[in-house]
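**Q** Sequence:
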Amino acid sequence: MSGRITRTLSLAGLVLGLVVPAHLGAQQARDGALPVPDANNHVELMVPMRDGVELATSVYVPEGDGTWPVIVERTPYSKARGAPKGQRLTAAGYVYVHQDSRGRFRSEGAYEPYQTDIADGYDTVEWAATQPWSNGKVGVTGRSAMGIHANLTAAGAPPHLAAAYVVTASESLFDESYFNGGVFREHFRGNFMRLQGKEDQIPIMKSRSIMDEQWKATDLIHHRRNITVPMFNLGGWYDMFAKGEVGNFVYLQNHGLDGARGNQKLWMGAWGHSPLDGDLEYPGDIPLGPRTFDFELPWFDYWLKEKDTGIMEMPAVTYYHMASARPGHTSSLNGFRQGDSWPPPSTMTRFYLQPGGGVSKTRPSGDTMAVSYVHDPDNPVPTFGGANYNNNRDFPITVGPVDQRQIGDRPDYLRFHSAPLDADLHVQGRIDVELWVATDVPDTDFMVKLVDVYPDGYEAIILDTALRTRFRYGREPADVEMMKPGRPTLLTIDLWSTSNTFERGHRLGVHVASSNAPRYEVNPSTGEAPGRSTLASRKATNTILLDQRRPSAIVLPIVAELPPAVDIP
6 MSGRITRTLS LAGLVLGLVV PAHLGAQQAR DGALPVPDAN NHVELMVPMR DGVELATSVY
66 VPEGDGTWPV IVERTPYSKA RGAPKGQRLT AAGYVYVHQD SRGRFRSEGA YEPYQTDIAD
126 GYDTVEWAAT QPWSNGKVGV TGRSAMGIHA NLTAAGAPPH LAAAYVVTAS ESLFDESYFN
186 GGVFREHFRG NFMRLQGKED QIPIMKSRSI MDEQWKATDL IHHRRNITVP MFNLGGWYDM
246 FAKGEVGNFV YLQNHGLDGA RGNQKLWMGA WGHSPLDGDL EYPGDIPLGP RTFDFELPWF
306 DYWLKEKDTG IMEMPAVTYY HMASARPGHT SSLNGFRQGD SWPPPSTMTR FYLQPGGGVS
366 KTRPSGDTMA VSYVHDPDNP VPTFGGANYN NNRDFPITVG PVDQRQIGDR PDYLRFHSAP
426 LDADLHVQGR IDVELWVATD VPDTDFMVKL VDVYPDGYEA IILDTALRTR FRYGREPADV
486 EMMKPGRPTL LTIDLWSTSN TFERGHRLGV HVASSNAPRY EVNPSTGEAP GRSTLASRKA
546 TNTILLDQRR PSAIVLPIVA ELPPAVDIP
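Heads up, the sequence shown is in the numbering used here, so the first residue is 6 and it goes up one at a time.
Note that these hints are calculated values from the structure, not bench results. The structure displayed is predicted, hence computed values, not measured ones. Built from N, CA and C at the ideal position, the CB exists for glycine as well. Please note that a few of the clues may not be correct.
[Unchecked claim] DSSO-like, lysine-lysine: derived pairs with alpha carbons at most 27 Å apart:
#1 K203 - K221
#2 K489 - K544
#3 K90 - K310
#4 K90 - K312
[What the hints assert, rightly or not] If you anchor each label on the Cβ, the simulated ranges turn out as follows:
#5 R410 - T546: 24 to 30 Å
#6 Y478 - Q201: 31 to 37 Å
#7 G462 - D299: 35 to 41 Å
#8 Q219 - R537: 16 to 22 Å
#9 H227 - G344: 27 to 33 Å
#10 A522 - L200: 35 to 41 Å
#11 L262 - K544: 49 to 55 Å
#12 P425 - H227: 42 to 48 Å
#13 G344 - A522: 35 to 41 Å
#14 S346 - R410: 33 to 39 Å
Take these sequences, add in the hints, and give me the full structure.
**A** Right, dumping it as structure tokens:
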């Protein structure tokens, strides 16, 4: 059969959005015949998966006869939103296949987020590749949940998949979307479950804070070794999936299979998963939005149409380097840089937390120096900014480099600030915090922030994350170990990565607390298993050690000189 669209249903029926009956649609999906298109050159089919479940799939085909490369996007948020993208891609000479994921909207089956998406993505790509309107070359695309779908599809290694374009997606749903360091992401994940009408399942999800076989079956980090295709990853330094955006690129570029290794691109902007709050602006950045898909067609034109678009001559990494960014007084150091790899060459340098609240390169010299505070679960430290997602207008949260002075002076919020810097400090790469701690409870949390303190006092959060002490040795069942009250313990906390200059006259800040609500679930200090709350919460006395034998420090990747800035059209 040719690629001609056959008219088997009335135009009126499709314009009204009526689904093709499952038995008819499935047969048409198998045979490749398409019903009459609507005004957007779109038809809907039911595409069978390997287990017989049929998924509602919109197909947008270019005008005329022929075969074309196909771009697949799978979504839990309704494919009914796909017409503008369908028009854009068909005008560029692609078939656009847009599918409701299993159990969502018009698709059959039970909705279990990401549980079947490796298989469903594989089946959808291979179905699309063998249709008469396809030339057999398929790409996958998407942002956020759709980007996660694209990643999982690539991890299934369908033979006809040729390339992927992924925006703001994780390497580990387990450790980015649901938990950070074993602490449940109360605002993001809890709100998402509430919006889905599944509030009663939140305790069950909290109880899954230990790595299990179900997580391993569906988390990309356990399957990306199978990826064989070029991928263009886009993210932002304040995005809640920034760890995965960088991590996926680094792994596939350096250790991926043939086809993937050496063919990856990474783009990191100064943005988050939703618009940034706070009184900073980053001139020349390309914000999250339509422009984050500027490279989608050049990428697919190169890999699916063999056009020389110049995309592969681009350096492997393009990233926005941040610096002083108060409106009207932004630094000339702000702007895009490029390189052949990530991270750039650097010198890992310890900056030690000092008694009295200082930060310096000088290792403490005393023997018994420490600072303690009381964590009260009934009076948690409030959230202001960070790598959040403002996904619920009834329970808003701020995002990005928000001023931490709003927290106020609290005895349970420790600020360690350096003296004003006498020279610019360029930080590029992954950052760890080595924190010597003690507590009088069996389990507690430590929250750490990297902060750029401006000369006027503005405390701009750059990075922050959490660690639950029972998971200090890892997240496998055998790793879990409760704290022994009063015993000093070293915690290593991964703060993720950034690219930022702490400019001359600014101060380097490290803030430590044991709560950050509503960003994170508040630890009740009882030692109960996560998801249980049978005991009354209790206060915890938590201690940070700052002595010669047990120094606490932040480990920063310092670069001597920044690469030149580049103009991005």
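**Q** Can you list which hints this structure breaks, lowest number first?
**A** Of the numbered hints, just 10 does not hold.
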